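Take the sequences, apply the hints, and build the full model.
Chains as they are written, first to last, in this note's numbering: chain A, 1 to 114; chain B, 115 to 228.
Where chain B lies over chain A, by a calculated footprint (3+ residues, C-beta under 8 Å):
{"no.": "1", "region": "43-52"}
{"no.": "2", "region": "101-114"}
Calculated cross-link-like contacts (lysine to aspartate or glutamate; reagent style EDC-like; alpha-carbon spacing at most 20 Å):
{"no.": "3", "chain 1": "A", "residue 1": "K49", "chain 2": "B", "residue 2": "E216"}
{"no.": "4", "chain 1": "A", "residue 1": "K101", "chain 2": "B", "residue 2": "E176"}
{"no.": "5", "chain 1": "A", "residue 1": "K101", "chain 2": "B", "residue 2": "D152"}
{"no.": "6", "chain 1": "A", "residue 1": "K101", "chain 2": "B", "residue 2": "D144"}
{"no.": "7", "chain 1": "A", "residue 1": "K101", "chain 2": "B", "residue 2": "E216"}
FYI, nobody ran anything at the bench for these hints, they're computed from the structure. Keep in mind the model is a prediction, meaning the values are calculated, not measured. Glycine residues also receive a C-beta, built at the ideal position from the N, C-alpha and C atoms.
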Amino acid sequence: AQSVTQLGSHVSVSEGALVLLRCNYSSSVPPYLFWYVQYPNQGLQLLLKYTTGATLVKGINGFEAEFKKSETSFHLTKPSAHMSDAAEYFCAVGRTGTASKLTFGTGTRLQVTL
Amino acid sequence: DGGITQSPKYLFRKEGQNVTLSCEQNLNHDAMYWYRQDPGQGLRLIYYSQIVNDFQKGDIAEGYSVSREKKESFPLTVTSAQKNPTAFYLCASRDTDSGARELFFGEGSRLTVL
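Right, dumping it as structure tokens:
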């Protein structure tokens, strides 16, 4: 079985501040990990992914995440928040042999204030 | 442009009526998925299909049905047996030929039961 926990259903940051969205997973085998972003009434867009190789992965819009096996974490960061980053963010986990049936976290809504 | 088209975007239905949500993709992906999204619950898998004429139940298949007669199409029927059908429904696909693990999502269909 696999699961995802996203700490904090709502996160608020000031424009220009660091963005940190937390994701912890559980998986009995090496996982595939993803971050998706969703704007209101839209589908999900892939921000970045970890499958194998380098544990620090860079994505679109200046976001990056680091896979830490010892901590079972895959936190999403961005050095400087922009107003356009306001959206809902989902962490997801998958693994080999499950037909990519991704398991999603409950989401974190990011608010960016002036 | 390649992508996933979901229709209708908004749908209202009376209790006791079946409704079918359309999902069409021109990405030439073999695998397709239906997820349901409710506020604060993330995404939950309803059905998935890895190949034409074959599909499997996901975690919350009760009250739903699907078909996969063509590679590009994966319609979802929400039946009257679904006790709480009001939700945002997301269709996704995956490129199995490349071995990619990420899902590509459509823009979603919002169903409201009156």
